[in-house]
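S.K.: Starting from the known structure of chain A, arrange chain B with the ligand on it as the hints suggest.
Next come the chains, spelled out residue by residue.
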Amino acid sequence: MLLKCFVVLALALGPSPQALKPSSPRVIRVSAERFAYTPSEITVEKGTVIEFHLTSEDTDHGFRIIGTEVDVQIPKRRRGETVVKYTADTAGRFIIECSRPCGAGHTAMRATLVVK
Amino acid sequence: MPQLSSLVDWKPLILACFGLISHSANVYAQAPAAPPPREGLPTLSGYMEMHLNKVQDLPTEVDLHRFVLMIGHSFSDRLKFWSEVEVEHAFVEVEGGEETGEVAIEQAFIDVMLNRRFNLRAGMVLVPVGIINERHEPPTFHGVERTFVDTVIVPTTWRDTGVGAFGDLGRGFSYRAYAVPGLDAAGFSAEEGIAGGRQQGGRADASDPAVTGRLEYRNTGLTAGASLWRGGAGFGLIRLDIQTPTVAVSSLDARYRRGRHELRGQWSMVNISGAADLNRALQMHTGLSPNIASRLLGAYAEAATRVTPDSWSDEVVVFGRYEKFDTQNKMPAGFQPLQEFQRSAWVAGATYYPDPDVAFKFDVIRERNKSGVVRAPWQINLGVGWWF
Ligand SMILES: [Cu+2]
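Those sequence lines, one after another, are chains A and B. Take 1 as the starting number for the first sequence in my numbering and just add one per residue. Take 1001 as the starting number for the second sequence in my numbering and just add one per residue.
Don't take every hint at face value.
[Stated by the list, open to error] Residues from chain B shown here face chain A by an in silico Cβ test under 7 Å; the list is partial:
(1) K1080
(2) R1116
(3) G1164
(4) F1166
(5) D1168
(6) D1357
By construction, these hints were calculated from the structure, which means they are not laboratory data. Positions of the beta carbon are idealized from the N, C-alpha and C atoms, including for glycine.
For reference, chain A alone in the conformation it holds in the complex (with noise of 0.2 Å):
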């Protein structure tokens, strides 16, 4: 309970005050696979509620957005989803990288999210 108010705050603290704003978020999806993720580019309009919907290929993986408060873990292939909310209100390009050792490719399992 008391990690689930750290985390909530942590978003809510997070890049934007915006993120309380109530309106649909944008669904995606998003696949994570030794050693990618596909799609391994994004892009959203700025001000877009995200929701990914995380899930494996094969093992756990780990998704950070670099410079934000998103860092979280995706379950093994069959074994659910990670889902998690981020506000996009800062224009620019975001690296995401996997947060979790996953083999031989590890360090460069990256992909982008453009705000426009």
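M.R.: Structure of chain B with the ligand alone, referenced to chain A:
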């Protein structure tokens, strides 16, 4: 001592908890609780595989084939380190002049992340050829042993010290390209091709360098790749007074997954220039011609299906594979192919996953060759491999 409450303003925290949970609880309802490791701390992971092999006419063998530890470290978002230390066949001892096992660094490199399209890598790297060389964690492939093509045509685990670049080109394309030391042609053979010529990063002779690269394309369920390795292989032959041989390895591969089905295939070719001179020179040196071919060719196709119902978390996958692996595909003028090395194999088996990272494997292999004299053996393999 100051009161905790005076150091922390609890009001926003409490408000956040009560005010936001209704907004966000659903967001985390399905998320696993364990946070990923924090940056700055080294990470430890690894894999292992243990095999039981019964090859026709040979005693049954049990082998802790590979025990591998991977250590990674993130200095910052831009600087990353990754390494892989391996013990093969449990221990190393010199027996009758031959080593029983191997202790090796399979990877140890630093990545400098510059931008999406262009990043630098330096150190011991995996040669980016084929499917298995770069993705060799045991639960990622079916069959107890790696494919024949990834053993005698593409000599996995193929690695060397080098420098290079990698990046994501967009629209599903990515690449890796490195400069590495060349091969030692004095180690080539008729049976295992260029495998014996790998320098593997230890005091490697870099006077005859090579370039290697891979272009990969990914789109929902499909991964396709084209790889190349091209370089000299002659430094070990300097005193033999022949034109230094050049080796070119080309490889195409694809994997496709849809629902419970997966298909994968690979085609790999090795061309060795000046193989006739090489054979003659090595014969003068050792008294025996190694009968090295000027072309080696291999290909395989594999189909796999999960047979367990969707409601089960445990998985059983059955697979079948056909392989052709001919290390005497084209001989230089004046040399005849050794037909026992013109081989093919049917492999059928199953993988049981009690967890996606643990694989119990079983397979039967029926190997054939073109020789009328040397019979190709059948074999039965059992194994377990895991990744953590
Ligand atoms: Cu990963």
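S.K.: Taking the hints in turn, state whether each one holds.
M.R.: Outcome of the hint check:
no., hint, verdict
1, K1080, "4 Å, holds"
2, R1116, "5 Å, holds"
3, G1164, "12 Å, violated"
4, F1166, "6 Å, holds"
5, D1168, "5 Å, holds"
6, D1357, "5 Å, holds"
Checked against the numbered hints above, the structure breaks only hint 3 and satisfies the rest.
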